[in-house]
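> Each chain, letter by letter, is given below.
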Amino acid sequence: MSESTRSQLFRHFSDVCSADAPASAVAALDAMLLASDEDCQAYLQYCELHAVLAFENASSQIMSETVRRLTSQPGPRRADVETADSQWSVQLAAPRRSRLRAFLVQPIVPSSLIAGLFIAIVLLSLALVNLPDSGEFAAPVARQEAVVAQIIGLQDVRWAEGATRWRPEMFLQPQAALHLRSGLIELRFNDGATVVVEGPAEFVVATAGGATLRRGQVFATVPPAAVGFYVDTPTARFVDLSTEFGVAVDVDGSAHAQVALGAIEVQLLHVTGEASQPVRLTAGQAARVAPGANTVTIEQSGKVRFAQRLAESPAVMIPSAAYAATSSSSFRHRVAERAINGDGLNAFGEHGTHNEQLWHTNVRTSPAESWYQVDLGGVYQLAALRLWNHNGVDPHGVSETHRGIRSADIWVSETGAGDPQSQPEAWTLIARRQEFQQAPGAANYTGERIDFPAVPGRYVRLDNLTNFGSDRHGDCVGFSEVRFYAGANVKNQVEKDMQD
Amino acid sequence: MSNDPSQVDEFASRLAPIQSQLLGYIYAIVHNFDDSRDVLQQAHLAAWEKFDQFDRSQSFSAWMYGFVRYEVMAYHRDRARSRVKFSDELVQKLVRTEHHDDRTAADGRLEVYLEALAHCKQQLTAADRQLLEAYYDQGCQGRELAQRLQRSAQSISNSLARIRKALFHCIRSQVAQGERP
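Protein chains in written order, with our numbering: chain A, 1 to 500; chain B, 1 to 181.
Be aware that one or more of the hints could be misleading.
Okay, derived cross-link-like pairs now, SDA-like style, lysine to any residue, Cα gap no bigger than 25 Å in a straight line [claimed, not checked]:
1. K93(B) x D34(B)
2. K165(B) x C120(B)
3. K93(B) x S36(A)
4. K85(B) x V95(B)
5. K50(B) x R14(B)
6. K165(B) x Q8(A)
7. K165(B) x A31(A)
8. K93(B) x A23(A)
9. K93(B) x R172(B)
10. K50(B) x S87(B)
11. K165(B) x D30(A)
12. K93(B) x A31(A)
13. K93(B) x Q41(A)
14. K93(B) x L34(A)
15. K93(B) x R77(B)
16. K165(B) x Q147(B)
17. K50(B) x R69(B)
18. K165(B) x S24(A)
19. K165(B) x V393(A)
20. K165(B) x R6(A)
21. K85(B) x S157(B)
Selected chain A positions facing chain B (in silico; Cβ < 10 Å) [what the hints assert, rightly or not]:
22. F10
23. D15
24. V16
25. V26
26. Y46
27. L49
28. H50
29. V52
30. M170
31. S329
32. I450
Simulated from the structure, these hints should not be mistaken for laboratory data.
Treat the numbers as computed from the prediction; the structure is a model and nothing was measured.
For each residue, glycine too, the CB sits at the ideal point set by N, CA and C.
Based on the provided sequences and hints, a complete structural model is requested.
Here it is as structure tokens:
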């Protein structure tokens, strides 16, 4: 067969599969297939490919319909079948029906195809869906690199006119500015340093380990893991050497530093030569750098005059970098890890609607038998969780938020031994049938915080799950993201665990 | 037909690996997925009714194809429902074609096929994969897809023809390699 004839043959194949074949093409294909057994085989294989590609959608519907017919059919379909009418209702009674359904809808597509489909679906989604903000769907790594700090809490804050009104738990990216007229803001940098900014102040986040104070004052608590944390001022850079220190910038631009614990280095800016050598300050010392000065004036420090904590320090969000998640099942790439990796969360703590940036169970499993468990990486005095429920919308704009968690039992364990049923002594039930709100399926979704009496734990398990409903794909349950909080009274423990 | 629950499991487990092939076989003659589904369901029902008579020493695939052929021919007799009408002679030939024989008889054949498909899809360009998934994800509605992508229906059809042909040859090659000792 010539190449052009073969091309024509495949063109006919395709047209028939697309239901676009004109009568002349059907006639031509008819003749070609009649003339060649080999082409007949090729045609059948081509149609099989077409069916396999469509199978994922088609199969479950076919199976479901088959089950429906089997279970609703009162008697034999044909006269030549000797089966009695009553046998259908007996042999396909409920237990049997569920067994048959369980098989008929079981996935038969291997992981390799699933992976291929997933990649294509993600690419397709990115290409076809009208994304509200492409940055929101950036890769997890890129997003995590972009977020360098998070607002922990506010106290009596009055914002400057036109300033961004940050809220607790918001994430901060480089160049995020805190411009407040009065009050206190506590934030945590990704490297581990905690900073309290006291208004009036202009404070700009620079990196995960540093910031710029243009005006006002800050107090930094820097664990050993974050050594090197710095605060730039108009005249000097103050670099931590594992300590607690305060920095203030007056209206004339002069900078003051006071070391409460440990030591810092003071590096003059805008000067060169010998004068640029860093000056070391230790606990109990203070320093002043005037605008245009080429020396650091060291002073004896009096009482620490910086606000070091908020009056009522809020529960601290446990850094998610240490989380590890497991689940009873997952669907394709919507694995447990997807609900702790920050994928889909933007700098404002809002979760997007991409339906691959979340976890849910396999559509063939029962929500009631499903669970989700997080290892926090250390024991904390757990006080709350924030859960962004299933906020997914499929590439066609159809909401899938009914797959979210409607209720769950929440268990906590220090050891994670077994599970609450097999080793109840190792688990503490902190909420039975805790109810969650259904997500809006909108991109500005900030989730829902659930507070509970503080309890020590490292492992948190959501069990006995229910959802908001099933759909044609099956009955599954999941959520977009989760975070956990440790009580304020164990803040130091959190930091210690982070250092460890 | 026995009331033994294990019959259901057995029937199901035997049926699952050949579903797509059965559907493709039916589609080759029926040319319409909706009708193909109906035909396949009828074959399911017919086979289930007779399953207690199935000789376990024989090929389930071959046995199942018997029901499929019967249903396909029954469908074909009602030609008014068929969008694409092959001649009776060709339909008879296709029905007789032993598409299922050694390939479906082999355990794990579907796995091999699907792995080959996954591999071959990875060989496509990202744009081709997107188009392919878009088409099949939307129930093979080429015209709707064309509107959505702001392309002509003919352009979509041409692209799909090219992509499926590439997949077809790639899969053949992959499966052939896998069958070599």
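> Does the alpha-carbon distance linking K165(B) and V393(A) stay inside the 25 Å limit?
Violated, at about 33 Å.
> Assess, step by step, whether the Cα of K50(B) is no farther than 25 Å from the Cα of R69(B), and give holds or violated.
Holds - the C-alpha atoms of R69(B) and K50(B) are around 15 Å apart, at most 25 Å.
> Does the CB of D15(A) sit less than 10 Å away from some CB of chain B?
This hint holds: D15(A) lies near chain B, its Cβ roughly 7 Å from the closest one there, short of 10 Å.
> Does M170(A) pass the interface hint, meaning its C-beta sits closer than 10 Å to a C-beta of chain B?
Violated, about 35 Å.
> Within a Cα-Cα threshold of 25 Å, do K85(B) and S157(B) meet the stated pairing?
Measuring from Cα to Cα gives roughly 20 Å; hence the hint holds.
> Let me know if the C-beta of S329(A) comes in closer than 10 Å to any C-beta of chain B, holds or violated.
With a closest approach of 19 Å, the S329(A) hint is violated.
> For the pair supplied as a hint, K165(B) and S24(A), confirm whether the alpha-carbon distance does not exceed 25 Å.
21 Å, holds
> Has the given pair, K165(B) with Q147(B), been kept, meaning a C-alpha gap of at most 25 Å?
Between K165(B) and Q147(B) the Cα gap is close to 24 Å, so the pair holds against 25 Å.
> With a cut-off of 25 Å on the C-alpha distance, tell me whether K165(B) and A31(A) pass.
Given that 25 Å is the threshold and the Cα spacing comes to 20 Å, the pair holds.
> Assess, step by step, whether the Cα of K93(B) is no farther than 25 Å from the Cα of S36(A), and give holds or violated.
10 Å, holds
> Is it true that the CA of K165(B) sits at most 25 Å from the CA of C120(B)?
The hint holds at about 11 Å.
> Is K93(B) within 25 Å of L34(A), Cα to Cα?
8 Å, holds
Hint compliance for this structure: hints 10, 19, 30, 31, 32 are not met, and every other hint is.
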